[in-house]
Amino acid sequence: MWMQERSSLNFEPLRSHHAELASMGGFAEHYAFTDPESALVKLRSFAERIVDHLYTRLRLPRAPQSNFADLLANASFTMLADRLVLDKFHLLRKLGNRAAHGEDVGSTDSLRALREAWQLARWLHVTFCGGVVEDFAEFREPPPDGTDSKAEIKRKAKALAEQNAAKEARLREALEEVARLRESERELRERINAANAPLEEREIRAIADVAEATSNQLQFSEDDTRRWLIERDLRMAGWNVGEQGRSTEQVGQEVEVLHQATSSGRGFADYVLWDDNGKPLATVEIKKTTRDARQGQAQSKDYADGLEKMYGQRPMIFYSNGHDIWVWDDALGYPPRQIYGFYARDTLQYRCGFQRSGRYELTKVMPDERIAGRLYQIETLRRVTERFAACHRKALIVQATGTGKTRVAIALAKMLIEARWVKRVLFLCDRKELRKQARNAFSEFLKEPIYVIGQQNNDIALKDARIYIGIYPGMMNIYERFDTGFFDLIIADESHRSIYNQYGDLFKYFDALQVGLTATPVEMVSRSTCRLFGCDYKLPTANYPLEQAIADGNLVPFRVVAHTTAFLREGIKSAHLSDEQIAELEDQGIDPNTLDFDAQEIDDAVFNRDTNRIILRNLMPESVLSSARTRSASPSA
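Last residue of the sequence shown: 637 (the UniProt record's numbering), numbering continuous.
Be a bit skeptical, because a hint or two may be false.
[Stated by the list, open to error] No farther apart than 25 Å at their CA atoms in a straight line, the calculated lysine to aspartate or glutamate pairs in the DMTMM-like style are these:
| # | residue 1 | residue 2 |
| --- | --- | --- |
| 1 | K436 | E494 |
| 2 | K423 | D276 |
| 3 | K279 | E256 |
| 4 | K364 | E386 |
| 5 | K447 | E361 |
| 6 | K394 | D430 |
| 7 | K94 | D104 |
| 8 | K279 | E254 |
| 9 | K436 | E386 |
| 10 | K301 | D330 |
[As the list claims (entries may be wrong)] Label pairs and their computed distance ranges (CB to CB):
| # | residue 1 | residue 2 | range |
| --- | --- | --- | --- |
| 11 | G553 | Y360 | 43 to 53 Å |
| 12 | R337 | P64 | 25 to 35 Å |
| 13 | D324 | L619 | 38 to 48 Å |
| 14 | D330 | G265 | 44 to 54 Å |
| 15 | L577 | E547 | 47 to 57 Å |
Just so you know, these hints were derived from the structure itself, not from any lab. Predicted, not measured: the structure shown is a model, and the values here were computed from it. A virtual CB, placed ideally from N, CA and C, is assigned to each residue, including glycine.
All chains, please: the whole structure from these sequences, using the hints.
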């Protein structure tokens, strides 16, 4: 259904030309305090509606199946909207996503998002709707109880359960509206694109000049947005960040650092993240959102050098422009890399303390041959550990089915744990039966606490385990309960493009060593399993194909065993019926002469459970019962 009209405090100038946007703003104002989750989802929809409108109106090119983030990153749109405007779109997108995914959000977030949406409304109104800045009054924060008075709320006297049900219904409605808006915009785009050619680049640039002039006229504050985004990300990782530049025991702001290349020998780090013992765990340097975050790299290193001289501990280095976050653990020799979010405090304590001080040289750690002792398995482990020792973060193992990929994974995890490179391991597979098998195998060889994701009766709390085993959908339901650095090693079984397409957020969210396991890599120019795991095209880290496994005697070649019945081979023909069968059919009132079905017709229409049972009865004696009490084809089959 269409958005119900709702008056607003701050968005009414839009109503004459974008009534739905004005009502969305009113909805978000109304629930900013009582239901910030729904308010944030609605404001994300508000921002996406503006972007879709501009794409349609200006006939900007877009790729099929583009999501909101893709539209904001499209070169044609970044040419149109300057970085200060893009900041606001991204802020609404990120907060809306967090609310929709069940993350902890509150009225502080919804009020901030309302102000950013109001700024975008002014920008749209002046740039594209012929309005003037004076049409909008100063931003007014909605009252704490929305448009309802306290007396009205008390008179309603809703039970807590009813309030929660209504809250969930509003959230569902907001999410459904996002989908509806996308579909209506898609249909409108198809009609318009069929009749109109895209604007030329010079026309887009002319519009962009007007849009930038509007942004300047509205005096959007880059520093305010940037700092708010970074502090929000720090709080999401569990850090206690003080308001208005105030330092806390955990997060220092504008911290004086000595030994700097300045005339006074002093400098001021934007943020320093402190350990319980008063030593620095990390520095966070902010750069303008209009610049690449990596421009903060050199400055961050200078501060890390100074803090190391002052405290005797080298901090990890973060730098960000509010959107992109980079981490640089130069103490372990890693180059800078982009990550999803900041580490939690206990993750930094582990990585700056235990991991740095106790790591052994990985190439000198021997594999446990009780787990994976075949020559090709040992060679695979050697190749992967050498790759990790060379400061790569990803590896791909290609092994034929039946050659022990899971055992190799367990042996690798054991090596990395014993070398003190890894504390927590996440093993992902695509079926519950494989999850059960993996749990049994890990339990047999590793004496580490195990948590099975999606299992009701775990003997350990969620964050107290060392080995985590789950299927992809189950992990998708809970992954945001962990900080981005929680896992040190992720092993992905059956790693192929479809897994990344559907569950790619898991691999983007966690900053961990990643190992892919597959028997069937896809290697095309447009799709490459090897490239997904940081390897060169068609060059996995280790490869043991079916042909080699057969040649080495570790697998046997398959051969097809044909078993069928006369019923399936020849169909049903009246001429082939016995006298007893003819008599039985006549007793049932069926003319035997009408029965004339060939084998294909039988296969299409009459294939039944009894047929399946016959096939299985013939298959089972030719199978071998494994130690896991599952059957596989016998060497003679």
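Do the hints match the structure? See the list:
1. K436 / E494: holds (16 Å)
2. K423 / D276: Given pair K423, D276 holds - Cα atoms ~21 Å apart, limit 25 Å.
3. K279 / E256: Status holds; Cα separation ~14 Å.
4. K364 / E386: At roughly 10 Å apart (the allowed maximum being 25 Å), E386 and K364 satisfy the hint.
5. K447 / E361: Holds - the C-alpha atoms of E361 and K447 are around 23 Å apart, at most 25 Å.
6. K394 / D430: holds (20 Å)
7. K94 / D104: holds (13 Å)
8. K279 / E254: holds (16 Å)
9. K436 / E386: violated (30 Å)
10. K301 / D330: Holds, at about 9 Å.
11. G553 / Y360: 43 to 53 Å: With Cβ atoms ~35 Å apart, the hint is violated.
12. R337 / P64: 25 to 35 Å: holds (30 Å)
13. D324 / L619: 38 to 48 Å: With Cβ atoms ~55 Å apart, the hint is violated.
14. D330 / G265: 44 to 54 Å: Violated: the Cβ-Cβ distance is about 22 Å, outside 44 to 54 Å.
15. L577 / E547: 47 to 57 Å: Given about 50 Å between the Cβ atoms, the range holds.
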